[in-house]
Amino acid sequence: MLWDVSLEIHNAEAVALIGRDGVGKTTLLRTIAGLHPITGRSVWLNDERVEKLPAFTRARSVLAYVPQGRGLFSHLTVHENLLIGLPAVSGRETARKEIPP
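Start counting at 1 in the sequence shown, then tack on 118, and there's your number in this note's numbering.
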């Protein structure tokens, strides 16, 4: 469970979320991405509330969580893993039609 979290990230900013094990980094990211329920607060993306949107809709809006897991498509190359994500963003203007090898 998280309390009193406020985070604002502007366009083109890179942000690192660091901390020791068990302090809520993963919980925060999974909540923002829609994989954990949120109560009492809101999540905004481009001036729109998104906390009621399902995770797949948030991912199509560039708000997604990619776990560190070490077995998720381990039989694929890095290039093949990148290609798997293309269908999720194919409707966006910024989506690339192909990823160079």
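Certain hints may be false.
Claimed, not checked - Distance ranges between label pairs, derived from CB positions:
{"hint": "1", "residue 1": "F191", "residue 2": "L125", "range": "28 to 36 Å"}
{"hint": "2", "residue 1": "R138", "residue 2": "L201", "range": "29 to 37 Å"}
{"hint": "3", "residue 1": "V141", "residue 2": "L201", "range": "15 to 23 Å"}
{"hint": "4", "residue 1": "T144", "residue 2": "V180", "range": "30 to 38 Å"}
The hints are simulated quantities; they were obtained by calculation from the structure and are not laboratory data. Just so you know, these numbers come straight off a predicted model, no measurement behind them. Built from N, CA and C at the ideal position, the CB exists for glycine as well.
A quick look at each hint next to the structure:
1. Look at F191 against L125: about 29 Å separates their beta carbons, and that is inside 28 to 36 Å.
2. Checked against the given bound of 29 to 37 Å, the beta carbons of R138 and L201, roughly 35 Å apart, stay inside it.
3. The hinted window of 15 to 23 Å between V141 and L201 is violated, with their beta carbons roughly 34 Å apart.
4. Range check, T144 to V180: about 19 Å between beta-carbon atoms, so the 30 to 38 Å window is missed.
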